[in-house]
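*Asks:* Listed below are the residues making up each chain.
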Amino acid sequence: MAVFRSRRIVTVLALLVLGLAGFAFHRPLLTAAGRLLVDADKLEKADAALVLSGEQGNGRRVGAAVRLYREGWVRRIVLSGAQIGYGRHESDFSLPRAVALGAPREDLLPFPLSSRSTQEEAEYLLPRMEAAGIRSFYVVSSNFHTARARRIFQRASKGRMRVLAFPAHDDAFEPDSWWQSEWGIRVFLLESLKQVTSMANL
Amino acid sequence: MARLRRRLLMLVVLLAGVALVSYRPLLTAAGAFLTPQDLPEKCDAAVVLRGEDTDGLRLEEAARLYRDGWVGKIVLSGGLLPFGIHETELSLPWALKIGLDRESLVTIDSDATAAWTEALALAPELKKAGFRAVILISSETDARGLRVIYRKAAPGLRVLVRTVPQPHFSAHTWWHTREGRKAFFYGWTGLLRDWLR
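Just so you know, the sequences run in chain order A and B.
Residue numbering for the first sequence follows the working numbering, beginning at 55 and increasing consecutively.
Residue numbering for the second sequence follows the working numbering, beginning at 1305 and increasing consecutively.
Be aware that one or more of the hints could be misleading.
To be verified - DSSO-like cross-link-like pairs, simulated, lysine-lysine; straight-line CA separation at most 30 Å: (1) A:K248 / B:K1431; (2) B:K1456 / B:K1431; (3) A:K212 / B:K1486; (4) B:K1377 / B:K1401.
As the list claims (entries may be wrong) - Cβ-to-Cβ under 10 Å is the rule here; a few derived chain A residues that face chain B: (5) R115; (6) G126; (7) R129; (8) R142; (9) E144; (10) S168; (11) Q173; (12) E177; (13) L247.
It is worth saying that the hints were derived from the structure and are not from the lab.
Cβ coordinates follow ideal geometry from the N, Cα and C atoms, glycine included.
Sequences and hints are given; from them, build the entire structure.
*Replies:* Written out as structure tokens, the structure reads:
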């Protein structure tokens, strides 16, 4: 009985210490967890920037891709165009936005598609990008999506293409303070779950 | 202690056996729970909710209700899409294309990007328009959650829910495909959030 009691005390103390440590270090721990979702490569020359579907805000992803283009890191921009209803695709809107931001029309490759996930997007786009002579590219997506997106495209390309990641800022997710907003928490939880299912290839 | 453990083990084995034998009806029931469908009744308006990602199936259902005389108006809800456009910019031309007259259509724009914020934006506008009973039109896995949301966001408004077929989701087979499992997961997590809200 005394052994059980002392074990219980040790367990409670250990939990208390862990709880205090968690409280004291919650900021760096949560920041580290948030940064796990974000992937960013050092800039280098590549054939293209691929803007993934699922733009949430006012063209942040396209803006990031055009930046890569204008700074000379990529020669073309591929626009993934998931269906957004009523016969329209995201590329119907991202294309004029890219042109308005200064990317010449001849260097833009829009691909309207009916994919409903990053995996399906990769399976649809990669053969078409390869046929267009693209061997290396940046995956441009919302910051919280980049780690998973890169992994999915890397796996789907089966080593035939070099896949880099370039995150676009997203108002819904700040890696250093995501736990302070309802949207941030939602994005973090959902994306973490998707990371796990993507790693397990489910 | 040993007897309790044995009994617990038996219970677990029994439950596992039941689950193994009846997993199909259980999973079907879990899927069907998300997708209640009301029969049409006379209402003031059909509300085409934001989030359409097919070629206008929701609008077609609204047009059918309007032409069959169940509703007097069709409300097009215009949540925010990427690049700052509102969904009504797409749905209104589509509605005219399928032969609906402009007078039958009411557009309500908002910056909503989720069902809850959409309900908060729509509720006062529907009230202002004098609507007391509406038929919401959305996708299957949103149906149960919508009942919960509108009970909270629009008390006093009579709400029916009609759904249109959702690509990749069927209450009877959703667990067979990745997209089906995804839709089921989103439907249930959304419903739990709506209940807790």
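*Asks:* A separate judgement is required for each hint: does it hold in the structure or not?
*Replies:* Hint by hint, here is what the structure shows:
no. : hint              : in the structure
1   : A:K248 / B:K1431  : violated (39 Å)
2   : B:K1456 / B:K1431 : holds (15 Å)
3   : A:K212 / B:K1486  : holds (25 Å)
4   : B:K1377 / B:K1401 : holds (17 Å)
5   : R115              : holds (9 Å)
6   : G126              : violated (26 Å)
7   : R129              : violated (24 Å)
8   : R142              : holds (6 Å)
9   : E144              : holds (6 Å)
10  : S168              : holds (9 Å)
11  : Q173              : holds (8 Å)
12  : E177              : violated (12 Å)
13  : L247              : holds (8 Å)
Hint compliance for this structure: hints 1, 6, 7, 12 are broken, all remaining hints hold.
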